[in-house]
Amino acid sequence: MLTDTLAKAILDLEEEQVIVLVKERLAKGDSPLDIVESLQKGMSEVGKLFETGEFFLSELVMCGEIMKDAMEVLEPHLIDSVSGNKGNIVVGTVKGDIHDLGKNIVVMLLKGAGYNVIDLGVDVPIENFVEAAKESKAPLIGISVLLTGCQEAMKKTIDAIRAEGLNTKVIIGGNYIDELVREYVGADYFANNASDGLRVAKQIFS
Amino acid sequence: MLIIGEKLNSAIPSVRQIINDKDVAAVQNLALKQVEGGANYLDLNTAQCNEDADMEWLIQNVQEVTDIPLCIDSISAQTVERGLTCIKGDKSKVMINSISLEKDRIEGILPLVIKHQCPVIGLTTDDNGIPKTAEQRIAITKRLIEVLSKENYDLNKLYIDPLVLPLAVDSNNATMFFQCLTDIKRLFNVKTVSGLSNISYTMPKRKIINRHFLAICMAFGMDAAILDPIDRKIMTSVTAANLLIGQDKFGRNYLKAFRNETLED
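First to last, the sequence lines map onto chains E and S. Our numbering applies: residue 114 is where the first sequence begins, and numbers increase by one. Our numbering applies: residue 614 is where the second sequence begins, and numbers increase by one.
By construction, these hints were calculated from the structure, which means they are not laboratory data. Keep in mind that the hints are not guaranteed to be accurate.
PhoX-like cross-link-like pairs, simulated, lysine-lysine; straight-line CA separation at most 20 Å [what the hints assert, rightly or not]: (1) E:121 with E:136; (2) E:181 with S:862; (3) E:136 with E:161; (4) S:728 with S:701; (5) E:121 with E:161; (6) E:161 with E:250; (7) S:869 with E:121; (8) E:136 with E:181; (9) S:869 with E:161.
A short list of chain S residues far from chain E (calculated; beta carbon distances all over 12 Å) [claimed, not checked]: (10) 646; (11) 701; (12) 724; (13) 829; (14) 861; (15) 868; (16) 872.
Computed from a predicted model, the values in this text were never measured in an experiment. For every residue, glycine included, the Cβ atom is placed at its ideal position computed from N, Cα and C.
Produce the complete structure using the sequences and hints provided.
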């Protein structure tokens with residue numbers, strides 16, 4: 114059971130209540146990052162209920178919309194707390210996958226933490242990742258994925274980046290990813306949620 | 614979609630009986646079941662009984678078990694007035710069913726509607742009876758709106774009932790009605806309402822016709838319906854039609870009904 118009222122409101126798909134609670138917590142002086150964590154907790158519950166067939170697709174979509182609205186409220190606060198540019202990070206959703214919700218949350222958090230994020234969008238061709246990596250000399254590339262069927266594309270993208278001999282780390286992020294997937298596609302790190310991704314970035318740029 | 618529950622009507626023989634018998638438990642049960650089924654308003658009609666006194670009795674007993682707004686259904690100004698007098702709570706929530714361009718209703722019921730600013734159902738009929746064509750119905754609607762506007766009535770509270778006639782008499786009666794729904798909204802931007810049972814008069818398996826008629830009316834923008842909210846198949850049609858016409862964001866109400874196990878195939 115979720116004890117966090119904000120996470121619970123997301124789980125109940127209480128659109129208006131979520132926004133009210135986000136604003137309340139901001140007003141109380143809670144850290145925007147903690148608020149994002151609550152949102153994600155609720156969202157991952159919704160994801161689980163969708164997987165078990167208890168929730169329907171339209172509810173998953175609605176949850177995404179609520180998250181988007183909540184992140185819009187949070188965005189200025191995430192950016193406010195930043196000083197300076199900590200470096201470049203390239204982010205995109207892998208070729209063949211058009212899901213952008215998880216990616217957008219990570220992008221927002223990374224921007225909020227002071228990184229210069231080069232967002233390549235969704236269904237990103239392999240060469241776009243390679244080009245952006247070369248051009249920006251980013252020490253970190255993040256590849257977002259939701260669909261399990263896109264593993265080959267992830268592997269090919271990472272192979273191509275490696276083939277250029279770039280000194281860059283690659284993190285893959287997605288709900289289903291684990292150590293096995295990371296190893297198979299040849300990434301350096303993996304993350305199942307946005308805050309894990311943020312931690313890896315901190316580690317690399319420190 | 615506003616649902617006006619039609620069950621507490623003395624035209625239904627079993628209901629007439631429980632009103633005549635002063636069976637409090639039975640009328641309260643009928644009221645609660647309609648609320649549970651999804652009614653937003655409960656229509657009350659005692660025309661086939663001792664109309665004035667029974668209206669008062671019915672209102673008092675229904676209001677004992679539910680706060681749902683009521684719809685006083687009578688052509689008698691005296692009954693409407695007595696009903697309004699004994700209503701507990703906000704009289705401006707009470708819907709009046711109905712007014713029309715008939716002289717006695719304009720003179721008798723309209724002042725009560727204006728006095729309490731009640732939502733009202735306006736029938737497209739005048740002293741010449743129910744018109745045959747869509748054009749005549751539109752013309753009556755226009756005159757009715759002129760009368761109400763002169764009294765500074767809030768037209769958002771007006772529900773025009775373009776009066777559906779049986780298909781058995783003329784197979785164009787349904788399409789003519791749909792045309793009225795569209796035109797009334799387009800020309801006057803006021804709400805529309807209808808009962809469902811006239812359309813299927815004398816046909817077998819009437820409920821099939823009634824609920825499909827309802828779904829099509831909703832697609833043509835009808836705002837309210839007088840129906841039996843205890844009938845799960847009709848309420849399933851309402852839920853499904855709301856989803857189909859974009860009135861149910863993310864299918865929340867449809868899924869809620871599914872989880873409450875109230876949807877019926």
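Taking the hints in turn, this is what the structure says about them:
no. : hint             : in the structure
1   : E:121 with E:136 : 16 Å, holds
2   : E:181 with S:862 : 16 Å, holds
3   : E:136 with E:161 : 26 Å, violated
4   : S:728 with S:701 : 17 Å, holds
5   : E:121 with E:161 : 14 Å, holds
6   : E:161 with E:250 : 37 Å, violated
7   : S:869 with E:121 : 18 Å, holds
8   : E:136 with E:181 : 14 Å, holds
9   : S:869 with E:161 : 19 Å, holds
10  : 646              : 28 Å, holds
11  : 701              : 31 Å, holds
12  : 724              : 41 Å, holds
13  : 829              : 24 Å, holds
14  : 861              : 9 Å, violated
15  : 868              : 6 Å, violated
16  : 872              : 9 Å, violated
When each numbered hint is compared with the structure, violations occur for hints 3, 6, 14, 15, 16.
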